[in-house]
Amino acid sequence: MTDVADPIQQTAPEAPVSAWDRVKLARNPKRPHTLDYLHDLVADFVELHGDRTFGDDQALIGGIGKFDGRSVMILGHQKGSDTRENLKRNFGMARPEGYRKAERLMRHAEKFRMPVITFIDTSGADPTLGSEERGQAIAIAESLVTMAGLRVPIVATVIGEGGSGGALAIGVADRVLMLENSVYSVASPEGSASILWKDAAKAPEAAERMRITAHELLEFGIIDEVIAEPAPAHENARTAIRATGQAISRHLRELIAAFPLHDDEALDRLVAARYTRFRSIGSWQEESAG
Amino acid sequence: MRGFFHRQSKFQPVDPDENGNDQSIPDDLWVKCPGCNELLYSKELNDNLRVCPKCEHHFRLRARERIAMLTDVGSFQEWSSRILPQNPLGFADGSGTYEGRLERTQRKSGELEAVIAGEATVEGKPLALVVCDFDFLGASMGSVFGEKLVRATEAAIERGIPLMTINASGGARMHEGLFSLMQMAKTVAALNRLGAAGLPHLSVLTDPCYGGVTASYATVADVVMAEPKAMVGFAGPRVIEQTTKQKLPEGFQTAEFLLEHGMVDLIVSRDQLRVMTASLLTHYENARVVAAEASAAVNAEAHGEDIVVSFHSMAPERAPDSAQTGEAL
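Chains as they are written, first to last, in this note's numbering: chain Y, 1 to 290; chain U, 1001 to 1329.
Worth flagging that the hints you see were computed from the coordinates, not collected in a lab. Among these hints, one or two may not hold up.
[Unchecked claim] Sample of chain Y residues lacking proximity to chain U, with all beta carbon distances greater than 12 angstroms (derived): (1) D21; (2) L48; (3) H49; (4) R52; (5) S71; (6) A193; (7) E265; (8) E286.
[Said to hold, decoys possible] Here are a few chain Y residues that face chain U, going by a calculated C-beta distance under 10 angstroms: (9) G50; (10) L129; (11) E133; (12) R134; (13) S185; (14) A187; (15) A203; (16) E205; (17) A206; (18) G282; (19) W284.
[Claimed, not checked] The calculated BS3-like cross-link candidates involving lysine-lysine, where the alpha carbons are at most 27 angstroms apart (straight line), are: (20) U/K1245 with Y/K24; (21) Y/K24 with Y/K88; (22) U/K1245 with Y/K202; (23) U/K1043 with U/K1054; (24) U/K1245 with Y/K198; (25) U/K1247 with Y/K198; (26) Y/K202 with Y/K66; (27) Y/K30 with Y/K111; (28) Y/K88 with U/K1247; (29) Y/K88 with U/K1245; (30) U/K1043 with U/K1229; (31) U/K1229 with U/K1054; (32) U/K1032 with U/K1054; (33) U/K1108 with Y/K198; (34) Y/K24 with Y/K66.
Where is the CB? At the ideal position from N, CA and C, for every residue including glycine.
Bound conformation, chain U alone (with noise of 0.2 angstroms):
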């Protein structure tokens, strides 16, 4: 059987840094809120799963806290966890080679890569999941994050399980060049066979999603979900404001702007999030369900009566004598 199917030992989230100190955030620490400059009490903000309690907006998210906070305690089972980045190009630059950049930032965040994948139910209600990590060189899309997201869309496939995806990306890794983009295609053409396999897809936009994930994956699946305030786009506002000198309106790229310009299907609150997972993964579920009976019955049907299957047999009020509607084809 394929390796990425083992279930493994999780990494060990979180190391000491190089002072030896610990990185989790103190309970008594006070947090300043981008949004409406308040001073919160971090604990506060923990438990209101890191949302101001003020302005509501939404801090950024490791994709461990993203993970704890949607899915059932202790459902979550990480897949793909050994895949490790290397150096295709043989990158290196003043600052050292790529591979000197990757272990810094494996060590500072305490995760391998910039996505993490795996199995968990929310509302005991089973789907795949791939998170991004932000933290992680801005989760930006190289050969192990596109490997990570196919293994895990074929696995959904395979199990007969829906894929969510929650994104937040600065774009493609520049460090492995062209492999990066080949993956825009990779991850598309992955999730074309989940869709042939009725499966959906649901994406959450979480802030910030730009370039290569924006323009890929994210925001061709079945359902697009933001973030409130989430900024996405394809080119960020300041390649904009420097290429064309033009004046960005206030909102430009935000969760409500691409809301308004019909870019996403809904904005989700953080608070939400499970409720409205759990919510379309039941509809997408019944549809099965009904189709699967239906189907059951035309054979079943089929079988008795030895007739030809048509499409008119799925119609669940049928006529008793609707045999017939066979030869009217």
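Chain Y extracted, bound-state conformation (with noise of 0.2 angstroms):
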């Protein structure tokens, strides 16, 4: 038997931009975060809060809205435009209450038939002292449990940062999107530098090595789109969330025309095309048993 995942050729169009300028661009404060899309795209939003066991988590928001004429749940990273703001959404970094929001809120979107959209965008889960007190791993664990056996659509979109196991949290997905300049890791470039080289100002050289931007990852067959930044999204963030919105909507109406909500058997399918969606990721190699 051969099973053989083929070999990836590094053949990512010619970047006009190094990875660590998409880095640093990803990383923009000025660059519009998840309530700027939530102002701009969605209609009646409500925001629900608290993970009804400790607190309510300021760095990962959710609640229901309007979104293309249908009421969805929507979950997303929130980080500060200045420091202010940063130390009240702890820049982004989600606690396990988050995650546990974040969980609460996909069941309740399935207990009603609502797709649920996901933004993105953190440098990665709180790694404090507290969040380990309260179960940091296991709130990612039981989130991804959730979103697995989910049976409503969800599209994720990457708009800034994809950091590790707090950004998977919210991404498993049955279309993941990412923004033409944010980037997608196992571990931010500074840990991923710390981890490979004992060097965390390595961070440029483990955001080249580590292909870690939109059409690299798309060229792997991990996510599903790039959504174009003719200008960086700071600079231009109108373009940029009507762009976004229009993907996300695209793709959504795709999902439920493929999988009415309405149709028990078609979500059972959903689920089982999630599960073969992340069951063929993944490269190796193997020998016939001899």
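The two chains are supplied separately, each in an independent frame; assemble them into the complex guided by the hints.
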């Protein structure tokens, strides 16, 4: 048996900017954040708070709103645009209660057959004593479990930084989109450099070597679409947000057409298709049993 | 049939290293216990499942040592042993390519990847088993790790047997980038299917267990066990201290800390793991047998009396006339 995943050629289109430039663009504090997308794309938004156990995390927000004429559940990491807001938002690094709120709201969406839209924008999950005490790893894992089995369509978009398990915790989706100047990585470039070379200052090198840009990840088949930014999103937020809304709308319509929300059998197929999507990600070679 | 059910010859566990030396530990070696600083006679330590007889410090184990200690003699059959890693990112740095790194690690560790999967029996009870080998790049989770775990899970479902994972990992494998991160979603999704099939996943957290493994399949098992004093967490203590300048309390992220904070079901010392595993598996087996018998009885009755099966019929203590209960619904 040969079940060999093709070795992937490094054929990403000639990038006009380096991977590290993309990281800097993705982190630009003036880049639109989740609330900016909500403001422009979603009507009648009702934010829902709290994990019903410990607290309400301001770094990961969620609620119900009307998108493209349909009531949906929206979740997203929220960074601040200035220091004051960033302190309130913990720089977009969610704590366990944030992931537990997200998990709760996804179940809520499933109960009322609302599609889920997520906006990923975090350097990673909060790495502090308190978050460890309250089970950061388990909170993330439980969110993954819920998303993998959720019986409504999910579209995730990386709008800035997609860092590590803290990003994936709201990223197990039927369609995963990335803005052109966003990045998505197994650990932050600083974290990767620290693990690989014990030197966080080599982050720019890690950014290049780890293939974290949208075009590279599209080549790998890990994401489904790159949303173009003719100008960086912080320079022309309106255009970037509108393009993002159009892309999400298109994918959501396709998913709903293929897997109608009133059709239980179709929703079984949706979950099976999501399983197949993630089941197939990996790169290995196999020697036949001898 | 799928290739991973083929019983393959085992990979030779220990190769001589570059200098032709046998790497297995000679019996006459003295070992210093990191727990109590006592000098221990290596053979005595090995006879005690590599647990310090003075302070009960649990030494780290290689995957095959664990399998040997846990499973019935000769019962382990390895699966998927010829799935090999490759270099999807074309990763290279100052110390060479990822392929080169893998080759050196394979030679040094005697393993082809960071997990070993297979089936075995414990006290006669069959189970699928996936065990991390920390000596292989810190048992970091990359594509092969995820694929072997998922195949073992799918095989467990097909055979109707439980799954046990014995976990130790530094987290996701950096060299495979986002492919590694996605293994978190992939493994958890497969385990959802195991649960849907009514089969348990028992997870054992051993020292050290961090990052992507702790934040995915290893902590959402039906039973989460930990070895005494094992260090388990999401972010490592060094990262937390560096980013927050917080002073971490004594015993932070130990198995005992996790138990106190409600994150694990129980702490199991190494010499009790076999018994505990068998005991748990017996409970799940009993529950399945009782449910199957009840279901068979109901089916027989339904066939005989031509009634619609209701959940009332499942009650073991039903009254003889309770065939009427169908109408009461």
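Hints versus structure:
1. At roughly 18 angstroms, the least C-beta separation between Y/D21 and chain U is larger than 12 angstroms, which holds for a residue marked as non-interface.
2. The Cβ of Y/L48 sits about 24 angstroms from the closest Cβ of chain U, beyond the 12 angstroms cut-off, so the non-interface label holds.
3. With a least beta-carbon separation of about 23 angstroms from chain U, Y/H49 lies farther than 12 angstroms from that chain, consistent with its non-interface assignment.
4. The beta carbon of Y/R52 sits about 16 angstroms from the closest Cβ of chain U, which is more than 12 angstroms, so the claim that it is off the interface holds.
5. For Y/S71, the requirement that its beta carbon stay farther than 12 angstroms from each beta carbon of chain U is met, with the minimum near 27 angstroms.
6. At the 12 angstroms boundary, the C-beta of Y/A193 falls inside the reach of chain U, the nearest C-beta of that chain being 9 angstroms off.
7. Residue placement check: Y/E265 keeps its beta carbon more than 12 angstroms from all beta carbons of chain U (closest about 16 angstroms).
8. In this structure Y/E286 is not separated from chain U by more than 12 angstroms, as the shortest Cβ-Cβ distance comes to only about 5 angstroms.
9. Taking 10 angstroms as the C-beta contact cut-off toward chain U, the hint placing Y/G50 at the interface is violated, the least distance being around 19 angstroms.
10. A least Cβ separation of about 5 angstroms between Y/L129 and chain U falls short of the 10 angstroms threshold, and the interface hint therefore holds.
11. Taken as an interface hint, Y/E133 checks out: its beta carbon lies about 6 angstroms from the nearest beta carbon of chain U, inside 10 angstroms.
12. Look at Y/R134: its Cβ gets to within about 8 angstroms of chain U, closer than 10 angstroms, so that hint holds up.
13. Because the smallest distance between the Cβ of Y/S185 and any Cβ of chain U comes to about 6 angstroms, under 10 angstroms, the interface hint for this residue holds.
14. With 10 angstroms as the threshold, the beta carbon of Y/A187 comes within range of chain U, its nearest partner Cβ sitting at about 7 angstroms, so the hint holds.
15. With a least beta-carbon distance of about 13 angstroms to chain U, the hint placing Y/A203 at the interface is violated under the 10 angstroms criterion.
16. At a threshold of 10 angstroms, the smallest CB-CB gap from Y/E205 to chain U is about 8 angstroms, leaving the interface hint in force.
17. With a least beta-carbon distance of about 8 angstroms to chain U, the hint placing Y/A206 at the interface is held under the 10 angstroms criterion.
18. At a threshold of 10 angstroms, the smallest CB-CB gap from Y/G282 to chain U is about 4 angstroms, leaving the interface hint in force.
19. Because the closest C-beta pair between Y/W284 and chain U is about 5 angstroms apart, less than 10 angstroms, the hint holds.
20. Distance restraint check for U/K1245 and Y/K24: the Cα-Cα separation of roughly 25 angstroms lies within the 27 angstroms cut-off, and the hinted pair is therefore satisfied.
21. For the suggested pair Y/K24 and Y/K88, the alpha carbons sit about 22 angstroms apart, so the restraint of at most 27 angstroms is met.
22. About 22 angstroms separates the Cα atoms of U/K1245 and Y/K202, which keeps this hinted pair within 27 angstroms; it holds.
23. At most 27 angstroms may separate the alpha-carbon atoms for a hinted pair to count; U/K1043 and U/K1054 meet this at roughly 15 angstroms.
24. Between U/K1245 and Y/K198, the direct Cα distance comes to roughly 19 angstroms. Compliance with the 27 angstroms bound is thereby established for this hinted pair.
25. Distance hint between U/K1247 and Y/K198 is fulfilled; the C-alpha atoms sit about 22 angstroms from each other, no more than 27 angstroms.
26. For the hint pairing Y/K202 with Y/K66, the CA-to-CA distance comes to about 43 angstroms; that exceeds 27 angstroms, so the pair is violated.
27. Note on Y/K30 and Y/K111: the hinted pairing is violated, with a Cα-Cα distance of about 36 angstroms set against a maximum of 27 angstroms.
28. In summary, the hint linking Y/K88 to U/K1247 is supported, as the alpha carbons are separated by about 23 angstroms, within the 27 angstroms threshold.
29. Straight-line distance between C-alpha atoms of Y/K88 and U/K1245 comes to about 19 angstroms, which keeps the hinted pair within the 27 angstroms bound.
30. For the suggested pair U/K1043 and U/K1229, the alpha carbons sit about 23 angstroms apart, so the restraint of at most 27 angstroms is met.
31. Annotation: proposed proximity of U/K1229 to U/K1054 holds, straight-line Cα distance about 15 angstroms (limit 27 angstroms).
32. For the proposed pair U/K1032 and U/K1054, the alpha carbon gap of about 12 angstroms is at most 27 angstroms, so the pair holds.
33. Restraint check for U/K1108 and Y/K198: satisfied, since their Cα atoms lie roughly 22 angstroms apart, inside the 27 angstroms limit.
34. Proposed proximity of Y/K24 and Y/K66 is contradicted: the alpha carbons are some 32 angstroms apart, above 27 angstroms.
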